[in-house]
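Asks: Read off the chains here:
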Amino acid sequence: MTAPARRERLSGVPTWLLALVPLLLAAALAAVLLGPGGAGLDRNGIPVEDVAVERTVLRPGVIELHVRNDGPDAVTVAQVIVNDAYLPGAGPLPLRLGRLEAGRLTAPYDWIEGEAYEIGLLTSTGGVIAAPVEVAARTPSADASFLGLMGLVGIYVGVIPVSIGMLWLPFARRARAGVITFILALTVGLLAFLAADAAVEGIEIAGTGSQAFGGPALVIVGAVTAFIALSGVDAWLRGRRRGAEGYRLSALIATGIGLHNLGEGLAIGSAYAAGELALGAFLVIGFALHNTTEGLAIIAPVAREPVRWWPLVGLGLLAGAPAVLGTWIGGVAFTAPLAAFLLGFGVGAIAQVCVQLLPGLRTGSGGSRGLSPLGAGGILAGLALMYATGLIAA
Amino acid sequence: MRMGITRATLLGSAAAAAGLAAAGRIAGPAPAASPPPDAGPAAHGGAAHHAAAAGSVDPAANGFDPHAILEDFDGGVVSRDAAGRTVREWTIVAQNREIEVAPGVRYAAWTYNGRVPGPTLRATAGDRMRIRFVNGGDHVHTMHFHGIHPAAMDGIPGSGPGGLVHPGEAFTYEFTAEPFGLHLYHCHSFPLAIHIAKGLYGAVVIDPPGGRPAARELVMVQNAFDTNFDAANEVYAVNTVAFAYFERPIRVRRGELVRIYLVNVLEYDPVNSFHLHGNFFHHFPTGTSLTPAEYTDTISQVQGQRGILEVRFPHTGRFMFHAHKSEFAELGWVGLFEVTG
Chain P
1 MTAPARRERL SGVPTWLLAL VPLLLAAALA AVLLGPGGAG LDRNGIPVED
51 VAVERTVLRP GVIELHVRND GPDAVTVAQV IVNDAYLPGA GPLPLRLGRL
101 EAGRLTAPYD WIEGEAYEIG LLTSTGGVIA APVEVAARTP SADASFLGLM
151 GLVGIYVGVI PVSIGMLWLP FARRARAGVI TFILALTVGL LAFLAADAAV
201 EGIEIAGTGS QAFGGPALVI VGAVTAFIAL SGVDAWLRGR RRGAEGYRLS
251 ALIATGIGLH NLGEGLAIGS AYAAGELALG AFLVIGFALH NTTEGLAIIA
301 PVAREPVRWW PLVGLGLLAG APAVLGTWIG GVAFTAPLAA FLLGFGVGAI
351 AQVCVQLLPG LRTGSGGSRG LSPLGAGGIL AGLALMYATG LIAA
Chain F
1 MRMGITRATL LGSAAAAAGL AAAGRIAGPA PAASPPPDAG PAAHGGAAHH
51 AAAAGSVDPA ANGFDPHAIL EDFDGGVVSR DAAGRTVREW TIVAQNREIE
101 VAPGVRYAAW TYNGRVPGPT LRATAGDRMR IRFVNGGDHV HTMHFHGIHP
151 AAMDGIPGSG PGGLVHPGEA FTYEFTAEPF GLHLYHCHSF PLAIHIAKGL
201 YGAVVIDPPG GRPAARELVM VQNAFDTNFD AANEVYAVNT VAFAYFERPI
251 RVRRGELVRI YLVNVLEYDP VNSFHLHGNF FHHFPTGTSL TPAEYTDTIS
301 QVQGQRGILE VRFPHTGRFM FHAHKSEFAE LGWVGLFEVT G
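Protein chains in written order, with the numbering used here: chain P, 1 to 394; chain F, 1 to 341.
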């Protein structure tokens with residue numbers, strides 16, 4: 001039989017049915033393997049017990065653990081151990097968790113502020129899942145005073161520094177073209193540092209919590225999502241052709257920085273809620289200095305264009321205000337997978353902005369694709385500046 | 001019990017290094033007052049919870065009850081040999097068995113006769129003891145007795161057929177019961193720690209020829225379980241089940257003589273102890289003398305060490321006993337005597 005003849009024979013079959021055939025076969029295979037008395041593909045070996053403690057909440061005299069079954073098999077938590085003692089009042093026990101199922105364990109315990117606790121979940125098979133509390137501190141509840149405090153911190157480290165940085169605009173307007181190129185290159189350096197910083201932090205955080213949702217891969221998924229989404233926004237802005245080119249770039253930069261500051265706020269909020277962060281003046285000053293440079297990045301593209309004040313305020317808020325949102329999420333609803341995804345999202349956004357800025361830093365017209373000396377110098381200076389100001393916050 | 005713990009993160013330590021006061025720090029905790037740890041349950045009054053675990057263990061599902069083990073002395077099948085000497089015979093079978101060692105926590109144990117600890121063998125000094133050991137497990141096991149006996153009866157690798165009993169095989173250990181006192185037996189196969197830790201041990205009581213004064217007699221084998229195989233224990237007890245005598249106290253009568261046969265087989269921890277509340281006891285180390293060595297309320301024992309404790313309770317009420325190593329106590333090795341008038 002020849003190939004054309006075979007095609008002929010299938011010509012009467014609807015296209016959608018042809019698409020369905022492999023799917024149906026795959027489903028049938030799954031049914032054979034998983035069905036009752038299947039193909040004997042039972043799991044080999046003992047059940048895997050993989051439970052992640054997603055959140056530890058400390059209230060006066062009470063420890064609350066938010067747990068999720070991260071592994072392929074059901075897990076039953078039989079006892080809760082704190083510092084080598086069973087907790088008699090822990091409950092509900094036994095706690096059976098199916099795959100990916102989440103649950104909460106509450107136990108009365110007179111914990112002492114500032115001390116470390118070894119919490120262990122003893123499973124029905126005798127396995128121990130460790131959930132250390134590094135520094136015991138009361139977990140803030142999402143009341144007005146906490147949200148207010150976190151909001152203030154977000155404004156300190158996000159909105160105010162970015163706005164101050166944008167006040168370099170009058171200077172930039174008078175500067176020569178070479179200076180503007182240098183500032184733009186400096187911006188790329190700043191952003192590259194932020195992206196690397198966020199990627200490392202995201203991967204670190206992703207390694208701590210539930211792995212079932214992707215672990216460190218979430219950072220990459222977030223980054224790619226943001227990159228593609230911002231590319232779409234960029235294409236849309238270009239298509240409209242309204243407003244000046246400079247505003248378009250500034251808006252993209254502000255968006256990227258805003259997403260980055262969301263992650264920064266998240267880190268601050270979660271660390272504070274976990275009692276691992278004292279909001280000292282050094283920390284706030286460090287973050288503020290660090291973020292002031294971000295304001296410079298936003299105004300660089302509009303240095304040669306006529307501007308009005310209100311779009312600039314908008315851009316400042318776009319870049320700075322997400323820090324407030326981040327501190328709230330971090331303080332109240334922190335989970336490692338969410339934080340990893342959001343940090344990755346910021347990385348992707350920044351990468352997209354860098355891609356936008358790079359063409360302006362290349363040498364002259366056509367020919368060489370390399371960076372101009374001014375561009376290369378600016379990028380390196382940006383990295384150095386971020387590194388130096390980062391030392392103050394670290 | 002052992003768990004990894006890491007100290008504060010970058011942000012936390014940096015903030016500490018900065019040494020600055022928190023800007024509007026959230027108020028600290030206000031823990032409720034707790035009763036002193038040694039106050040005993042009576043001091044807790046109507047408290048909903050006391051030092052125990054959540055839930056309880058079902059003895060029926062386990063196939064043995066710690067309360068029954070407490071007073072279960074097995075004198076074997078008794079006969080007399082040609083010389084008129086008492087001969088006692090037992091059959092002990094090594095079996096794998098999953099048991100619940102703390103509420104909800106199951107452990108794949110190796111047992112003698114389906115229970116942990118194995119049967120408490122009892123004879124009088126001078127009796128002939130004949131123990132037929134059948135290995136129904138899936139590893140090489142033995143029975144090694146503490147006592148005075150020929151090398152071939154020692155139950156260790158290299159001692160002959162009794163030192164290497166393969167699955168499905170059997171061996172009969174035979175020797176004269178001596179000296180009188182409190183002894184133990186355990187598996188001596190390689191690797192020793194695992195064969196002991198998994199539950200292959202039991203007590204041997206050899207009575208002095210004239211016996212001991214009549215008493216309420218209790219056997220307590222101090223043991224523990226390494227449920228996650230990290231060479232550290234997660235569950236501690238006497239007679240296997242954590243908190244068994246705390247949930248259901250041991251009932252004794254005021255003034256009656258109580259004799260405790262206390263054997264320590266604890267693996268992975270260097271020393272175990274026994275402390276009695278509200279009372280003192282006479283301590284007969286290894287039970288080899290009829291004169292007490294000490295009048296005290298706390299003794300310690302290394303692995304394999306054992307002793308007889310004799311006590312009378314002058315007061316009614318509940319009196320705690322536990323390892324005076326708080327970790328062991330709070331991980332299950334704690335119980336209560338309930339003294340009635």
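Everything labelled a hint here was simulated from the structure, so no lab data went into it.
Glycine included, every Cβ here is placed at the ideal spot set by N, Cα and C.
There's no promise every hint is true.
One side of the interface only, derived from the structure: several residues of chain F facing chain P at Cβ under 7 Å [to be verified]:
1. V87
2. R88
3. Y107
4. D207
5. P208
6. T227
7. A231
Covered by chain P, according to a simulated footprint, are these stretches of chain F (three or more residues, beta-carbon under 8 Å) [stated by the list, open to error]:
8. 59-72
9. 272-286
Asks: For every hint, state whether the structure bears it out.
Replies: Outcome of the hint check:
Hint on V87/F is violated. Least Cβ distance to chain P is approximately 41 Å, over the 7 Å limit. Residue-level restraint check for R88/F is violated (minimum Cβ-Cβ distance to chain P is 37 Å; threshold 7 Å). Taken as an interface hint, Y107/F checks out: its beta carbon lies about 6 Å from the nearest beta carbon of chain P, inside 7 Å. Of the supplied interface hints, the one on D207/F is violated, with its beta-carbon coming no nearer than about 38 Å to a beta-carbon of chain P, more than 7 Å.
Annotation: P208/F was flagged as interfacial toward chain P, and the flag is violated, the nearest CB pair being 40 Å apart, outside 7 Å. Interface restraint check for T227/F: the shortest CB-CB distance to chain P comes to about 2 Å, inside 7 Å, so the restraint holds. Because the smallest distance between the Cβ of A231/F and any Cβ of chain P comes to about 13 Å, over 7 Å, the interface hint for this residue is violated. Chain P is given as covering the segment 59-72 of chain F, and this is violated because 0 residues of the stretch bring a CB closer than 8 Å to a CB of that chain, at least three being needed.
Only when three residues or more bring their CB closer than 8 Å to a CB of chain P does the claim for the segment 272-286 of chain F stand; here the count is 0, and the claim is violated.
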